[in-house]
Amino acid sequence: MVASANTRLRLEVSHLTALFGQQRAVRDVSLLFPAHTVTAIIGPSGCGKSTLLRCLNRMHELTPGATVSGEVLLDNVNIYAPDVNPVELRRRIGMVFQRPTPFPTMSIYDNVAAGLKVNGRRPRAEIDDAVERALRQAALWDEVNDRLRTSALALSGGQQQRLCIARAVAPEPEILLLDEPTASLDPAGTQRIEELCHELKRLYTIVIVTHNMQQAARVSDYTAFMYLGSLIEVGITNEVFTKPKVEQTEAYITGRFG
Amino acid sequence: MTVLVIILSFTAVLALVLILGNLIAKGASSIDWAFFTKSPVPAGQSGGGVANAIAGTVIVVGLAALIGVPIGVGAGMYLAEYGAGRLGFLVRFVADVLNGTPSIVIGIVGWTFIVKPSGHFSALAGSVALAILMIPMLARTTEEMVRLVPHSLREAALALGYPRWRTSLKIVARTALGGIVTGCLVGIARVAGETAPLLFTALGNLNFTLSVGQPMQTLSLQIYVYATGPFDEWHRLAWASALVLMGLVLVISLAARWVTRQRYGSVR
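Top to bottom, those sequences are chains Z and C.
All the letters of the first sequence, read from the start, carry residue numbers 1 to 258 under the working numbering.
All the letters of the second sequence, read from the start, carry residue numbers 1 to 268 under the working numbering.
Since the hints were derived computationally from the structure, they do not count as laboratory data.
Any given hint could turn out to be false.
Claimed, not checked - Label-pair distances were calculated between CB atoms; the ranges are:
#: 1; chain 1: Z; residue 1: Gly120; chain 2: C; residue 2: Leu8; range: 58 to 66 Å
#: 2; chain 1: C; residue 1: Arg147; chain 2: Z; residue 2: Ala188; range: 30 to 38 Å
#: 3; chain 1: Z; residue 1: Pro86; chain 2: C; residue 2: Leu90; range: 25 to 33 Å
#: 4; chain 1: Z; residue 1: Leu62; chain 2: C; residue 2: Leu250; range: 38 to 46 Å
#: 5; chain 1: Z; residue 1: Arg122; chain 2: C; residue 2: Thr112; range: 49 to 57 Å
Claimed, not checked - With a straight-line Cα cutoff of 25 Å, these simulated SDA-like cross-link-like pairs (lysine to any residue) come out:
#: 6; chain 1: C; residue 1: Lys116; chain 2: C; residue 2: Ser46
#: 7; chain 1: Z; residue 1: Lys117; chain 2: C; residue 2: Glu155
#: 8; chain 1: C; residue 1: Lys170; chain 2: Z; residue 2: Ala130
#: 9; chain 1: C; residue 1: Lys116; chain 2: C; residue 2: Ile104
#: 10; chain 1: Z; residue 1: Lys201; chain 2: Z; residue 2: Ile127
#: 11; chain 1: C; residue 1: Lys170; chain 2: Z; residue 2: Asp129
#: 12; chain 1: Z; residue 1: Lys117; chain 2: Z; residue 2: Pro86
#: 13; chain 1: Z; residue 1: Lys117; chain 2: Z; residue 2: Arg133
#: 14; chain 1: C; residue 1: Lys170; chain 2: Z; residue 2: Leu153
#: 15; chain 1: Z; residue 1: Lys117; chain 2: C; residue 2: Leu177
#: 16; chain 1: Z; residue 1: Lys117; chain 2: C; residue 2: Pro150
#: 17; chain 1: C; residue 1: Lys170; chain 2: C; residue 2: Trp258
#: 18; chain 1: C; residue 1: Lys26; chain 2: C; residue 2: Ser46
#: 19; chain 1: Z; residue 1: Lys117; chain 2: C; residue 2: Trp165
#: 20; chain 1: Z; residue 1: Lys117; chain 2: Z; residue 2: Leu89
#: 21; chain 1: C; residue 1: Lys170; chain 2: Z; residue 2: Arg149
#: 22; chain 1: C; residue 1: Lys170; chain 2: Z; residue 2: Thr63
#: 23; chain 1: Z; residue 1: Lys117; chain 2: Z; residue 2: Ala130
#: 24; chain 1: C; residue 1: Lys170; chain 2: Z; residue 2: Gly120
#: 25; chain 1: C; residue 1: Lys170; chain 2: Z; residue 2: Lys201
#: 26; chain 1: C; residue 1: Lys116; chain 2: C; residue 2: Asn207
#: 27; chain 1: Z; residue 1: Lys117; chain 2: C; residue 2: Arg166
#: 28; chain 1: C; residue 1: Lys170; chain 2: Z; residue 2: Leu89
#: 29; chain 1: Z; residue 1: Lys201; chain 2: Z; residue 2: Asp128
#: 30; chain 1: Z; residue 1: Lys117; chain 2: C; residue 2: Gly178
#: 31; chain 1: C; residue 1: Lys170; chain 2: C; residue 2: Val149
#: 32; chain 1: C; residue 1: Lys116; chain 2: C; residue 2: Ser103
#: 33; chain 1: C; residue 1: Lys170; chain 2: Z; residue 2: Arg124
#: 34; chain 1: Z; residue 1: Lys117; chain 2: C; residue 2: Ala256
#: 35; chain 1: C; residue 1: Lys170; chain 2: C; residue 2: Ser152
#: 36; chain 1: C; residue 1: Lys170; chain 2: Z; residue 2: Met106
#: 37; chain 1: C; residue 1: Lys170; chain 2: Z; residue 2: Asn119
#: 38; chain 1: C; residue 1: Lys170; chain 2: Z; residue 2: Arg147
#: 39; chain 1: C; residue 1: Lys170; chain 2: Z; residue 2: Glu61
On a predicted model such as this, the values are computed, not experimentally measured, just so you know.
Glycine is no exception: its CB is placed at the ideal position from the N, C-alpha and C atoms.
The whole structure should be built from the sequences, with the hints applied where relevant.
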């Protein structure tokens, strides 16, 4: 466990097992995500890192046949408790996917406002402010402020991904989940997103799944290494990368497998 | 091989060219202002038009669309979004069977359930028959269009805290809207030329009427009556009516094309 005593606890995973039918994708994982930190989950393809991430906002259970056991505690409340509404929960936890997913029928403005409007009616000015704030947080405002009403599809891939980040942060979630957010971007786009992680952790607790170890080393405070659905090692990023405790971690980091 | 393919595609196009050419050659000369504005005159007299049939076609087909589009599109949405289970399988199977049902059988259904109980032929019965014909077509095209919407968009909306129904309506249906509208227009164009389902329902009417409770003439019925009749004047009008009907269907098809282009043009 890696949280220091004075860090307020934000998100805790306890004995989490995720299944697709009979197949166990995540095996008994326990993990802590301290507030205002970036935690990277690394591991080879198919190790369950994306599935673990999708358990954190209850997206996993939307796949037919998918089930979960164990607990995910958000400020000590189990999000899998029967009285928790998953739809409302997802409004508190933003998510960005591998590929940019702007809504094709909506303008840039409407894309960013999409998550705000679903939360109930709000005054126009309030939405305007929130859209601008979100676009600034995603470092996209300067590039799009003169064409907010045009289609989001006219943006480049990197811009679209930052638009998705803006859309995710507009409702001011508490946690931000990033599922390989730079997988489809070029180096310049990747760098911008990584810089954003540093900016955004002041405001949100960030969990980023990545198969790029350099990226994990660059952006994260803590790194968790997963293999075959199990959590192998977790610790302060610098320590995991320089002196890993488990041999498998070392083998993966040094590129001997995976 | 290439030569064969060229010959075959040329044959397919040739059929259309021959039909259209024939229609224009025999029908165009009869089309004048009176053709669009006057109702038919008694047999044997010359002059008159098919205003009643044109208005009737618009009303019968329009009413059919009003009934059929919401049901067909709604069923298609259901099949695509929630139709994984046994009920979905059943609905899909019924739609496919209905799609293959001869249209004259649908006409008899309209006669049995509306004309016979109400005691008279009516435009409404014709519209219902055409709507029944349209529904399975629309359901299946809508389903396919909705299925084309990438799953990632659905997930993105759900991750934002959209409830499922709102995701279906606001994100998925809106994204597929161009395709759905195109499907509707193609379906409408397809039933606009139907004759068989109307024979036992709308029946036909030599007088101009706008009342859907009355028998009503449509272009297809008009063509049937005139083309099988004994007078040269009627044959002339049948050709002209066929040309107008063909033009009407063509306009709807072009509109469908235009909507499709708008849709996919915006996605680059």
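Evaluated hints:
1. At roughly 60 Å, the beta carbons of Gly120 (chain Z) and Leu8 (chain C) sit within the given window of 58 to 66 Å.
2. Between Arg147 (chain C) and Ala188 (chain Z) the beta carbon distance is about 35 Å. The supplied range of 30 to 38 Å therefore holds.
3. For Pro86 (chain Z) and Leu90 (chain C), the hinted distance range of 25 to 33 Å is satisfied, since their beta carbons lie about 29 Å from each other.
4. Between Leu62 (chain Z) and Leu250 (chain C) the beta carbon distance is about 45 Å. The supplied range of 38 to 46 Å therefore holds.
5. Range check, Arg122 (chain Z) to Thr112 (chain C): Cβ separation about 55 Å, and the 49 to 57 Å hint holds.
6. Restraint check: the Cα-Cα separation between Lys116 (chain C) and Ser46 (chain C) comes to about 36 Å, which exceeds 25 Å; the hinted pair is violated.
7. Using a Cα cut-off of 25 Å, the hinted pair Lys117 (chain Z) and Glu155 (chain C) holds, with the two alpha carbons roughly 17 Å apart.
8. A hinted pair counts as satisfied when its Cα atoms are at most 25 Å apart, and Lys170 (chain C) with Ala130 (chain Z) qualifies at roughly 21 Å.
9. Taken as a hint, the Lys116 (chain C) and Ile104 (chain C) pair is honoured in the structure, with Cα atoms around 16 Å apart against an allowance of 25 Å.
10. Restraint check: the Cα-Cα separation between Lys201 (chain Z) and Ile127 (chain Z) comes to about 23 Å, which is no more than 25 Å; the hinted pair holds.
11. Under the criterion of a C-alpha separation no larger than 25 Å, the hint pairing Lys170 (chain C) with Asp129 (chain Z) is consistent with the structure, at around 23 Å.
12. Taking the CA atoms of Lys117 (chain Z) and Pro86 (chain Z), the gap is about 18 Å. The hint holds against a cut of 25 Å.
13. Between Lys117 (chain Z) and Arg133 (chain Z) the alpha-carbon distance is near 16 Å, which keeps this suggested pair within the 25 Å criterion.
14. Between the alpha carbons of Lys170 (chain C) and Leu153 (chain Z) the distance comes to roughly 17 Å, so the proposed pair stays at or under 25 Å and holds.
15. Restraint check: the Cα-Cα separation between Lys117 (chain Z) and Leu177 (chain C) comes to about 21 Å, which is no more than 25 Å; the hinted pair holds.
16. Between Lys117 (chain Z) and Pro150 (chain C) the CA atoms are separated by roughly 22 Å; this keeps the pair inside 25 Å, and the hint holds.
17. Between Lys170 (chain C) and Trp258 (chain C), the direct Cα distance comes to roughly 23 Å. Compliance with the 25 Å bound is thereby established for this hinted pair.
18. Between Lys26 (chain C) and Ser46 (chain C) the alpha-carbon distance is near 17 Å, which keeps this suggested pair within the 25 Å criterion.
19. A distance of roughly 15 Å separates the Cα atoms of Lys117 (chain Z) and Trp165 (chain C); the hinted pair therefore holds under the 25 Å criterion.
20. Taking the CA atoms of Lys117 (chain Z) and Leu89 (chain Z), the gap is about 16 Å. The hint holds against a cut of 25 Å.
21. As the CA atoms of Lys170 (chain C) and Arg149 (chain Z) are separated by approximately 18 Å, the hinted pair is consistent with the 25 Å bound.
22. Taking the CA atoms of Lys170 (chain C) and Thr63 (chain Z), the gap is near 21 Å; set against the 25 Å cutoff, the hint holds.
23. Of the pairs offered as hints, the one joining Lys117 (chain Z) and Ala130 (chain Z) holds, with about 11 Å between alpha carbons and a cut-off of 25 Å not exceeded.
24. Restraint check for Lys170 (chain C) and Gly120 (chain Z): the C-alpha separation of about 15 Å stays at or below 25 Å, so the hint holds.
25. Taken as a hint, the Lys170 (chain C) and Lys201 (chain Z) pair is broken in the structure, with Cα atoms around 31 Å apart against an allowance of 25 Å.
26. For the given pair, Lys116 (chain C) sits about 23 Å from Asn207 (chain C) by alpha-carbon distance, which is consistent with the 25 Å threshold.
27. Among the hinted pairs, Lys117 (chain Z) with Arg166 (chain C) is consistent with the structure: their alpha-carbon atoms are about 12 Å apart, no more than 25 Å.
28. Between Lys170 (chain C) and Leu89 (chain Z) the CA atoms are separated by roughly 20 Å; this keeps the pair inside 25 Å, and the hint holds.
29. A hinted pair counts as satisfied when its Cα atoms are at most 25 Å apart, and Lys201 (chain Z) with Asp128 (chain Z) qualifies at roughly 23 Å.
30. A threshold of 25 Å between alpha carbons decides the hint, and for Lys117 (chain Z) with Gly178 (chain C) the separation of about 24 Å falls inside it, so the pair holds.
31. Distance hint between Lys170 (chain C) and Val149 (chain C) is fulfilled; the C-alpha atoms sit about 12 Å from each other, no more than 25 Å.
32. Distance restraint check for Lys116 (chain C) and Ser103 (chain C): the Cα-Cα separation of roughly 18 Å lies within the 25 Å cut-off, and the hinted pair is therefore satisfied.
33. Proximity of Lys170 (chain C) to Arg124 (chain Z) is assessed by CA-CA distance (about 20 Å); at most 25 Å being required, the pair is judged to hold.
34. Taking the CA atoms of Lys117 (chain Z) and Ala256 (chain C), the gap is about 32 Å. The hint is violated against a cut of 25 Å.
35. For the proposed pair Lys170 (chain C) and Ser152 (chain C), the alpha carbon gap of about 15 Å is at most 25 Å, so the pair holds.
36. For the given pair, Lys170 (chain C) sits about 10 Å from Met106 (chain Z) by alpha-carbon distance, which is consistent with the 25 Å threshold.
37. Distance restraint check for Lys170 (chain C) and Asn119 (chain Z): the Cα-Cα separation of roughly 14 Å lies within the 25 Å cut-off, and the hinted pair is therefore satisfied.
38. Taking the CA atoms of Lys170 (chain C) and Arg147 (chain Z), the gap is near 23 Å; set against the 25 Å cutoff, the hint holds.
39. Taken as a hint, the Lys170 (chain C) and Glu61 (chain Z) pair is honoured in the structure, with Cα atoms around 22 Å apart against an allowance of 25 Å.
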